[in-house]
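Assemble the whole structure, with the sequences as input and the hints as a guide.
In case you want the letters, here they are:
Protein chains: 4
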Amino acid sequence: MKKVAVVGATGYTGVELLRLLVNHPHVQVSHVTSRENAGTRVDAMFPNLRGFLDLDFSAPEVEQLAESDLVFFATPNGVAMRSAPALLAAGVKVIDLAADFRIKDISLWEKWYDMQHACPELVEEAVYGLPELNRAAVAGARLVANPGCYPTAVTLGLVPLIEQGLVDLDIIADTKSGASGAGRKAAVAHLLCESGDTFKAYGVSGHRHQPEIAQTLSKLADKPVGLTFVPHLLPMIRGIHATLYADLKEGQDLAAIQSLYEQRYQHEPFVDVMPKGSHPETRSVRGANICRIAIHQPQGGKRLVVLSVIDNLVKGAAGQAIQNMNIMFGFSESTGLQSPGLLP
Amino acid sequence: MKKVAVVGATGYTGVELLRLLVNHPHVQVSHVTSRENAGTRVDAMFPNLRGFLDLDFSAPEVEQLAESDLVFFATPNGVAMRSAPALLAAGVKVIDLAADFRIKDISLWEKWYDMQHACPELVEEAVYGLPELNRAAVAGARLVANPGCYPTAVTLGLVPLIEQGLVDLDIIADTKSGASGAGRKAAVAHLLCESGDTFKAYGVSGHRHQPEIAQTLSKLADKPVGLTFVPHLLPMIRGIHATLYADLKEGQDLAAIQSLYEQRYQHEPFVDVMPKGSHPETRSVRGANICRIAIHQPQGGKRLVVLSVIDNLVKGAAGQAIQNMNIMFGFSESTGLQSPGLLP
Amino acid sequence: MKKVAVVGATGYTGVELLRLLVNHPHVQVSHVTSRENAGTRVDAMFPNLRGFLDLDFSAPEVEQLAESDLVFFATPNGVAMRSAPALLAAGVKVIDLAADFRIKDISLWEKWYDMQHACPELVEEAVYGLPELNRAAVAGARLVANPGCYPTAVTLGLVPLIEQGLVDLDIIADTKSGASGAGRKAAVAHLLCESGDTFKAYGVSGHRHQPEIAQTLSKLADKPVGLTFVPHLLPMIRGIHATLYADLKEGQDLAAIQSLYEQRYQHEPFVDVMPKGSHPETRSVRGANICRIAIHQPQGGKRLVVLSVIDNLVKGAAGQAIQNMNIMFGFSESTGLQSPGLLP
Amino acid sequence: MKKVAVVGATGYTGVELLRLLVNHPHVQVSHVTSRENAGTRVDAMFPNLRGFLDLDFSAPEVEQLAESDLVFFATPNGVAMRSAPALLAAGVKVIDLAADFRIKDISLWEKWYDMQHACPELVEEAVYGLPELNRAAVAGARLVANPGCYPTAVTLGLVPLIEQGLVDLDIIADTKSGASGAGRKAAVAHLLCESGDTFKAYGVSGHRHQPEIAQTLSKLADKPVGLTFVPHLLPMIRGIHATLYADLKEGQDLAAIQSLYEQRYQHEPFVDVMPKGSHPETRSVRGANICRIAIHQPQGGKRLVVLSVIDNLVKGAAGQAIQNMNIMFGFSESTGLQSPGLLP
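Chains A, B, C and D, in that order, give the protein sequences.
The opening position of the first sequence corresponds to residue 3 in my numbering, with each subsequent residue numbered one higher.
The opening position of the second sequence corresponds to residue 3 in my numbering, with each subsequent residue numbered one higher.
The opening position of the third sequence corresponds to residue 3 in my numbering, with each subsequent residue numbered one higher.
The opening position of the fourth sequence corresponds to residue 3 in my numbering, with each subsequent residue numbered one higher.
Any given hint could turn out to be false.
No distinction is drawn between identical chains; accordingly, a pair holds when it is met within one copy or between any pair of copies.
Derived DSS-like pairs: lysine-lysine, alpha-carbon spacing no greater than 27 Å straight-line [stated by the list, open to error]:
1. K278 / K304
2. K225 / K251
3. K225 / K304
4. K278 / K113
5. K304 / K187
Calculated from the structure, these hints are not laboratory results.
Since the model is a prediction, treat every value here as computed from it, not as a measurement.
Shown next, in the form of structure tokens:
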């Protein structure tokens with residue numbers, strides 16, 4: 003039985019980690035921290051956990067966290083990088099669900115996240131926790147940078163094409179996210195009355211997930227990948243849908259591409275390539291740690307349209323973090339992550 | 003390993019049964035029937051089950067169903083009563099999630115359901131499957147009538163008061179249900195554009211769940227219970243909220259009532275009495291087999307207001323059916339039902 | 003052409019006033035104030051007004067407001083009472099859409115609103131702006147207290163019964179409101195992810211609208227009216243549905259009650275008594291200044307169930323304020339308020 | 003006062019026409035037809051119209067319709083083409099809100115709509131009713147083909163670029179629509195429980211609006227325009243958002259493009275070019291006859307991203323039809339269409 007702690011568990015990523023961890027057979031949640039809510043029962047804030055977790059929030063003290071085998075940071079950007087060095091030094095594994103360790107280019111990171119990095123020396127060591135690309139590295143990692151939600155959906159949708167060099171490296175990712183991607187913080191823009199019953203794009207001129215995705219794809223392609231990344235806000239809570247446009251370099255038919263995807267992901271427990279002609283729905287992955295993908299070739303042309311859906315809080319955050327934890331601890335990768343999506 | 007079959011699995015109750023059963027450690031789903039969809043893969047209709055259930059829909063033939071140890075009927079009203087006699091005769095246990103065996107008074111049933119009962123002789127034998135009232139009887143039952151969704155929420159909210167004879171037997175149940183209560187059938191009234199972003203009452207002059215609730219409460223009180231039952235339709239998918247109004251016969255303070263509820267339900271795995279002052283949210287039970295209850299006494303008066311929430315598809319249908327199955331098979335009652343609600 | 007100002011127009015009541023006022027043929031919006039946003043274009047915050055209103059927010063200065071013929075206060079509670087005396091002294095009419103002048107009993111007001119009243123001497127003069135009860139007084143008023151949203155729906159649903167003394171004066175109002183009733187302010191509880199896709203009661207032990215409704219009904223009955231008031235939060239933006247329970251003193255049939263309602267409201271332009279058996283939907287009044295009512299008598303018993311719906315932002319706030327303004331200015335009462343609800 | 007009839011008014015386009023027409027100062031609705039509902043009051047089906055329209059549905063008989071000056075067909079595809087010839091012969095103007103007269107190439111139409119055209123001779127005469135392109139022709143038309151909802155949003159978003167020949171003629175339109183676009187017909191796929199709280203693409207391999215848009219753009223460009231058109235279904239009722247991707251032929255900066263759009267649409271009453279950096283929200287056009295557009299140039303590259311929103315039932319259907327009617331009758335083009343969007 004491993005002991006794990008969740009730092010910053012008052013957000014949606016945090017409560018989702020707890021929802022999944024309380025039923026994990028090989029770990030025990032030892033600390034759940036929130037400076038602001040220290041002393042309050044966790045299930046007073048999140049009543050869905052009543053009966054599952056008998057803990058109060060505690061203040062995030064490194065000495066206490068160091069009693070755990072692994073610490074999840076479900077904190078805003080810029081928090082994990084302050085505590086990670088001490089925890090690693092104490093022999094504790096760290097998974098950061100925020101962005102502190104995702105971008106290898108420190109100056110690029112500092113530009114997009116508008117702060118100075120507190121431990122650039124750890125960035126190189128950190129493993130980008132997309133198991134479908136970096137499983138072996140995750141297994142040996144002390145520090146995992148859990149990928150962003152959009153990057154997970156977009157990258158998994160493109161990996162087979164980029165790995166095989168089949169498409170022009172100028173890609174469009176038109177992405178749509180449920181409101182939980184914006185986190186659990188008081189903000190007029192995310193009130194039900196502001197983001198319910200409406201739809202809009204945001205950050206069209208620039209979004210932090212663009213360089214993260216471009217970094218992964220460029221490394222995979224071994225050359226720079228152009229990416230137009232346009233996110234939109236859906237009037238619903240969970241779910242990301244990425245609609246990806248890529249132009250084939252040479253005429254290849256859809257059957258070959260479909261076959262390529264099926265082979266690439268045939269042993270992946272959490273990537274599901276759907277049959278030809280499918281249109282994956284976000285609800286099919288609601289609450290589940292799975293990415294579903296379908297490929298289309300409209301009018302048989304050179305342009306592929308790849309559809310990729312995840313639950314942003316699960317395969318896009320907490321579920322993927324637990325998948326990484328399973329790999330790091332040597333557990334079966336699917337442990338605690340075997341639930342079908344909640345449909346309807 | 004017990005074998006179970008689900009008849010009529012193309013509806014929401016059916017797919018919810020499957021979602022819960024595929025992870026149940028002691029049962030195997032052997033048949034999933036739908037006359038109309040025979041030959042189609044179940045996960046083609048319900049993609050959330052991809053990877054979890056490798057079955058086609060089959061036609062509902064009694065001989066095949068009789069290979070199972072237990073058959074769930076997730077069918078419209080009036081279907082289970084036609085097949086139950088043969089299945090019981092073959093030694094198969096039956097749980098009907100529809101209304102065929104809920105009302106003991108045959109003529110009352112026939113009036114509300116507008117059809118002739120096909121096997122009135124079995125109605126008396128059938129056990130009303132609310133474990134919190136009838137656990138022992140369920141354990142020995144061959145045939146269980148799984149309660150309606152509204153009746154589960156309303157009855158559990160009132161049991162302590164009625165059992166102790168504390169309130170006038172003239173009760174108001176103002177109830178609100180998500181749209182999945184209406185089932186998965188083509189109907190203009192339940193389109194997103196008709197029942198989304200709006201709210202209304204329905205069936206105010208009379209609703210089938212009124213006699214079902216009145217029957218249970220009257221039996222408990224050992225005298226007729228008057229019940230004004232007003233259902234409403236919520237612009238969301240899952241969840242029932244019952245707001246119950248009952249007048250105390252004598253002045254009793256809220257602390258005593260709170261204590262009564264806590265004692266009555268202290269050993270119940272699936273009823274959660276919340277702290278005083280709570281307002282249970284339907285989302286706290288989304289996808290979970292739990293009824294959460296809170297009690298209020300506005301202005302310290304004689305009128306109690308009890309708030310009771312369930313997920314209509316889980317504790318109000320499929321989850322409760324599996325709870326009953328666990329009891330019937332002698333499994334631990336919580337087996338396969340131990341997930342926190344999906345929040346947010 | 004009358005000049006009107008809107009103070010505190012950054013909230014939902016404010017923008018709704020503007021939406022309706024820009025098309026009013028006899029008034030011109032002269033000032034729209036917001037201390038925080040002074041200098042910003044109004045239509046930069048509310049793009050639906052692009053092309054309709056060529057104004058910046060300005061700071062709320064009494065001297066400037068005094069250039070108007072009438073000032074609407076769409077502010078939080080406790081603001082209007084500070085400026086009203088000076089405006090009235092300057093000959094400007096005032097309509098307060100908040101609660102400052104609704105409750106005649108100052109100490110009761112101070113208890114519920116938790117502040118000292120700044121101008122108790124004006125409270126007596128203020129007219130409670132429910133035209134269906136107080137039309138003549140509104141016509142002569144300098145200062146109108148625009149009713150709360152719940153009080154409008156509940157009161158209009160009960161007026162005929164109370165006026166005629168037909169029911170026991172112990173009434174239950176089970177009410178449900180869309181999220182816009184909570185206003186446009188940053189608060190975790192009202193995020194889409196917190197109040198979307200879920201339903202709950204709130205304030206069951208006590209809510210400010212209870213004394214407001216009780217005051218109106220008690221005055222109408224000329225004796226104290228007992229009222230159990232339970233509000234709930236709907237996962238949608240606009241709309242209030244009140245489900246009202248009242249017990250007939252003597253056996254009267256539904257036809258007589260229906261007829262009574264139809265007669266009471268036959269000349270009211272903004273109250274619609276629906277045919278027997280109806281279930282009014284909130285969407286039928288979306289964006290419209292109308293209250294729709296239906297009456298039921300379940301099982302022909304002594305208990306009446308009255309269903310009453312409004313758009314909380316229109317007949318429950320901005321529309322009713324304009325209706326009052328029309329009366330105060332001697333315009334036709336319906337001017338600028340003649341749009342059907344937006345359905346679907 | 004002109005007399006107009008609405009054929010097929012039981013759908014969403016029909017009731018939206020009625021909502022707008024009842025307040026139009028220069029027309030009177032003389033007939034509202036529905037074969038199935040003949041004899042029923044229109045406001046019994048659409049209670050938002052109570053008090054606004056005192057008519058029953060009647061059967062659609064050409065002789066009666068011929069008493070009107072203009073007939074709107076708010077019918078399924080393939081209906082208008084059967085009655086239009088007789089009505090035109092009787093001197094009645096016709097606006098078809100369905101697709102019968104939109105595609106000039108009859109065989110292309112017959113392929114996509116899977117039926118034989120009943121009056122190909124009228125297709126050439128029919129004017130494609132996008133006033134921003136064809137105002138003069140609409141003014142003289144007897145028969146107007148009202149554009150589809152997606153085509154309106156996409157075309158208006160691209161017109162300035164295509165007219166000026168600034169972009170490569172290989173365009174991507176990633177479009178998202180509210181559920182009302184699917185119409186008011188019983189279908190499991192459009193239940194609240196199926197299309198609420200989820201998001202998906204559909205028709206990626208081919209959709210009827212692709213050839214309609216391509217026809218308009220190709221005529222404008224005077225050469226074939228390649229268009230990848232991917233529609234998605236939003237979990238809300240009203241609103242279309244088109245995200246358009248086009249590559250500039252030569253380096254032009256955003257300021258120049260912004261200026262081009264502003265000039266192109268400066269006299270258009272129903273196209274609103276928003277300031278640079280804007281992200282139009284569908285709610286800003288809810289219920290309003292307006293298309294709002296914003297232009298972005300991510301990272302200053304060669305790829306433009308144009309965002310275009312409409313209410314699919316208004317500028318995408320009924321509002322545009324009335325705009326066309328106003329032009330055909332010589333009324334001021336904005337008559338009856340001057341309401342701000344309903345926000346929130």
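| query | Is the C-alpha distance from K225 to K304 at most 27 Å within one copy, between copies, in both cases, or in neither? | reply | both (22 Å within a copy, 20 Å between copies)
| Up to 27 Å CA-CA - K187 versus K304, copy category | neither (43 Å within a copy, 36 Å between copies)
| Given a CA cutoff of 27 Å, do K278 and K113 count as a within-copy pair, a between-copy pair, both, or neither? | So K278 and K113 pass the 27 Å test across copies only (23 Å; inside, 41 Å).
| query | Which holds for K225 with K251 at a C-alpha limit of 27 Å: within a copy, between copies, both or neither? | reply | both (16 Å within a copy, 25 Å between copies)
| task | Give the relationship of K278 and K304 under a CA distance limit of 27 Å: within one copy only, between copies only, both, or neither. | result | within (17 Å within a copy, 33 Å between copies)
Checked against the numbered hints listed earlier, the structure breaks hint 5 alone; every other hint is satisfied.
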